[in-house]
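Colleague: Residue-level listing of the chains:
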Amino acid sequence: MAGRALGALAAAALVAAPPLLPKYSLEILISILFFAYLGLAWNILGGYAGQFSFGHAAFFGIGAYTSTLLLLRAGVSPWLGMLAGGALAAAFGLFEGYLSFRYGLRGPYFSLVTLAFAEMLRVVSVNAKAVGASLGLVVPTGTPAPLLFVFGGKLPYYYVILAMTGLALLITGAVARGRLGYALIAVRENEDAAEAAGVNALGSKLAAMALSSFLTALGGTFYAQYFAYIDPTITFGPAISIQGLLPAIVGGAGTVLGPLLGSFVLTPISELTRAMLRGRAGADIMLYGLILVLVISFLPQGLMGWRRAVRRSAR
Amino acid sequence: MSGLLLQAVVSGLLLGGVYGLVASGLTLIFGVLRIINFAHGAVMMLGMYASYWLWVWLGVDPYLSVLLTAPAFFVLGMGIQRLVIEPNRQAAEHNQLLLTLGLALFLENLALVLWQGDFRTLRVPYANASFVIGDALVEVSRLVAAGGAVLIALALFVFLRRTDVGKAIRALAEEREGAMLVGIDVARIRSVAFGIGSACVAVAGALITPFFYIAPDVGESFNLMAFVVVVLGGMGNFIGALLGGLIVGLAESLGAALLPGSLKQLVVFVIFVLVLLFRPEGLFGGARGR
Numbered sequence: 001m002a003g004r005a006l007g008a009l010a011a012a013a014l015v016a017a018p019p020l021l022p023k024y025s026l027e028i029l030i031s032i033l034f035f036a037y038l039g040l041a042w043n044i045l046g047g048y049a050g051q052f053s054f055g056h057a058a059f060f061g062i063g064a065y066t067s068t069l070l071l072l073r074a075g076v077s078p079w080l081g082m083l084a085g086g087a088l089a090a091a092f093g094l095f096e097g098y099l100s101f102r103y104g105l106r107g108p109y110f111s112l113v114t115l116a117f118a119e120m121l122r123v124v125s126v127n128a129k130a131v132g133a134s135l136g137l138v139v140p141t142g143t144p145a146p147l148l149f150v151f152g153g154k155l156p157y158y159y160v161i162l163a164m165t166g167l168a169l170l171i172t173g174a175v176a177r178g179r180l181g182y183a184l185i186a187v188r189e190n191e192d193a194a195e196a197a198g199v200n201a202l203g204s205k206l207a208a209m210a211l212s213s214f215l216t217a218l219g220g221t222f223y224a225q226y227f228a229y230i231d232p233t234i235t236f237g238p239a240i241s242i243q244g245l246l247p248a249i250v251g252g253a254g255t256v257l258g259p260l261l262g263s264f265v266l267t268p269i270s271e272l273t274r275a276m277l278r279g280r281a282g283a284d285i286m287l288y289g290l291i292l293v294l295v296i297s298f299l300p301q302g303l304m305g306w307r308r309a310v311r312r313s314a315r
Numbered sequence: 001m002s003g004l005l006l007q008a009v010v011s012g013l014l015l016g017g018v019y020g021l022v023a024s025g026l027t028l029i030f031g032v033l034r035i036i037n038f039a040h041g042a043v044m045m046l047g048m049y050a051s052y053w054l055w056v057w058l059g060v061d062p063y064l065s066v067l068l069t070a071p072a073f074f075v076l077g078m079g080i081q082r083l084v085i086e087p088n089r090q091a092a093e094h095n096q097l098l099l100t101l102g103l104a105l106f107l108e109n110l111a112l113v114l115w116q117g118d119f120r121t122l123r124v125p126y127a128n129a130s131f132v133i134g135d136a137l138v139e140v141s142r143l144v145a146a147g148g149a150v151l152i153a154l155a156l157f158v159f160l161r162r163t164d165v166g167k168a169i170r171a172l173a174e175e176r177e178g179a180m181l182v183g184i185d186v187a188r189i190r191s192v193a194f195g196i197g198s199a200c201v202a203v204a205g206a207l208i209t210p211f212f213y214i215a216p217d218v219g220e221s222f223n224l225m226a227f228v229v230v231v232l233g234g235m236g237n238f239i240g241a242l243l244g245g246l247i248v249g250l251a252e253s254l255g256a257a258l259l260p261g262s263l264k265q266l267v268v269f270v271i272f273v274l275v276l277l278f279r280p281e282g283l284f285g286g287a288r289g290r
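Going line by line, the protein sequences match chains A and B.
The working numbering numbers the first residue of the first sequence as 1 and each following residue consecutively.
The working numbering numbers the first residue of the second sequence as 1 and each following residue consecutively.
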């Protein structure tokens with residue numbers, strides 16, 4: 001009960017406080033929610049289904065490129081392009097997932113295949129002049145046009161990513177409490193036993209894959225509109241795959257709130273390191289590496305697992 | 001055209017030899033520890049910097065620097081295994097994968113913080129020495145790298161067959177409980193295996209410094225390539241790693257000769273995915289992978 005009240009309070013603060021915040025804090029909050037969102041999207045496949053994708057950049061990039069290309073070449077609003085990107089990413093996810101799961105790839109092999117698919121898309125987009133090659137694409141954001149996903153100032157972007165994060169939380173909650181969640185957890189814990197008990201393992205994993213890749217692609221469109229620039233390395237490179245899965249791992253994979261919690265801990269650390277060690281490129285990612293090693297070593301279930309363990313021992 | 005192809009074949013085989021040595025280290029670590037070591041390329045990068053600084057500060061030739069870096073990286077590898085990997089031996093498979101990924105991020109960005117991102121080259125006097133076979137130009141430094149890499153990989157193979165430690169390593173890769181039952185100190189063998197794997201990749205790094213740039217992220221592409229090679233050759237299969245290295249090197253340089261831009265990398269990834277999906281036990285079968 002106390003937890004729910006605390007959650008409502010936090011949500012109210014996230015909605016009400018930002019207009020009062022200085023620009024820099026607002027930028028950090030946007031970062032936090034952006035990575036929380038990517039973590040939530042990854043978590044459906046990585047956390048609940050236990051399929052550790054190392055290549056979610058594929059979906060992120062498909063989202064970013066689809067909406068941006070539709071805008072530049074056909075004048076389609078990114079709000080619609082976002083959905084098109086999501087659909088395309090989900091289709092690609094289903095293709096990737098069907099191949100991998102159909103041929104029984106599990107554990108690290110699945111991680112390697114997803115990584116390879118993302119790298120393939122990166123190599124193709126680096127070489128394709130039609131999508132801007134390695135120079136990337138600039139998203140026109142001259143005059144504010146809310147219908148074209150272009151706003152003046154940061155605040156509207158904040159509310160967009162807040163809404164997206166809220167939506168991802170609701171979806172995760174619904175998955176976790178519904179049939180799909182139980183099926184996924186059963187498959188994650190023991191696929192053969194789950195199948196024997198009548199769970200459609202392939203179907204549930206594919207559903208998780210589609211949902212996860214769809215949501216990740218929406219994050220790609222948000223990135224494109226917010227930063228107004230995309231290129232193959234940013235959107236399809238391994239860095240975004242890793243930064244998207246880290247909040248889930250640190251917060252607690254396979255929990256509803258884990259990715260959100262993880263991002264609230266991780267992102268400010270990285271922003272602070274970057275601000276303090278200006279001119280020392282890499283310091284923040286170095287710290288991420290160290291945190292990842294420490295979390296796996298000492299909190300293998302993430303912060304949520306730690307909280308649970310503390311509660312249990314307090315009883 | 002045939003001259004171009006011949007050149008591609010020669011360059012491909014030469015680079016493939018180096019891939020073979022990198023992959024031998026990776027496959028050894030996989031065979032014994034059952035983890036896919038994402039930090040392998042980062043260790044290679046550190047090995048390249050070690051040879052680079054030995055050259056800049058002390059004027060040690062990169063080929064001779066191997067005498068110092070190989071033992072140093074053996075110890076470093078053992079240390080990493082003892083301190084980071086071994087305590088998490090019981091962790092879930094995906095967590096071990098993330099562990100080595102975290103290690104890779106840490107090492108790579110440590111190098112970036114320490115030495116910045118600029119490309120460095122190690123200019124040895126013999127950098128441009130070359131000769132011609134038929135229509136193909138052979139750079140001496142590339143030939144030495146490939147020859148050295150293949151020799152070391154073969155020496156490693158003999159070491160694993162003939163010596164007690166080598167046999168213990170193979171026993172552990174084959175059957176962990178059996179190895180424990182006959183009194184093998186499995187924890188020690190695991191760290192020895194990680195040490196040897198790290199030394200191999202550091203040597204591979206040193207061997208390519210005369211003709212390859214040095215930068216904090218240089219290991220990444222070799223790491224991916226080594227994954228491809230290891231999967232192609234069969235996880236834990238040594239001869240497979242060497243042959244796989246040659247195949248991947250060849251595929252990459254033929255791709256570069258025939259495809260525009262950097263699409264050559266696509267060839268390698270396509271092979272990778274196809275092998276993972278359709279022949280996960282490797283091209284040469286009989287591996288102890290899965």
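Just so you know, the hints here were simulated from the structure itself, not pulled from any lab data.
There's no promise every hint is true.
[What the hints assert, rightly or not] Restraint ranges, calculated between C-beta atoms of paired labels, are given here: (1) A:L202 - B:R188: 39 to 49 Å; (2) B:L263 - A:S25: 41 to 51 Å; (3) B:M180 - A:D192: 46 to 56 Å; (4) B:L143 - A:K23: 26 to 36 Å; (5) A:S77 - B:V140: 33 to 43 Å; (6) B:K167 - A:G166: 39 to 49 Å; (7) B:L258 - A:F95: 25 to 35 Å; (8) A:G166 - B:E174: 29 to 39 Å; (9) B:M180 - A:E27: 47 to 57 Å; (10) B:E174 - A:A8: 54 to 64 Å; (11) B:L263 - A:F227: 34 to 44 Å.
Yeah, the Cβ is synthetic: ideal placement off N, Cα and C, and Gly gets one too.
Colleague: With reference to the structure, classify each hint as holding or not holding.
Modeller: Taking the hints in turn, this is what the structure says about them:
{"no.": "1", "hint": "A:L202 - B:R188: 39 to 49 Å", "in the structure": "43 Å, holds"}
{"no.": "2", "hint": "B:L263 - A:S25: 41 to 51 Å", "in the structure": "44 Å, holds"}
{"no.": "3", "hint": "B:M180 - A:D192: 46 to 56 Å", "in the structure": "27 Å, violated"}
{"no.": "4", "hint": "B:L143 - A:K23: 26 to 36 Å", "in the structure": "58 Å, violated"}
{"no.": "5", "hint": "A:S77 - B:V140: 33 to 43 Å", "in the structure": "60 Å, violated"}
{"no.": "6", "hint": "B:K167 - A:G166: 39 to 49 Å", "in the structure": "60 Å, violated"}
{"no.": "7", "hint": "B:L258 - A:F95: 25 to 35 Å", "in the structure": "26 Å, holds"}
{"no.": "8", "hint": "A:G166 - B:E174: 29 to 39 Å", "in the structure": "53 Å, violated"}
{"no.": "9", "hint": "B:M180 - A:E27: 47 to 57 Å", "in the structure": "55 Å, holds"}
{"no.": "10", "hint": "B:E174 - A:A8: 54 to 64 Å", "in the structure": "58 Å, holds"}
{"no.": "11", "hint": "B:L263 - A:F227: 34 to 44 Å", "in the structure": "27 Å, violated"}
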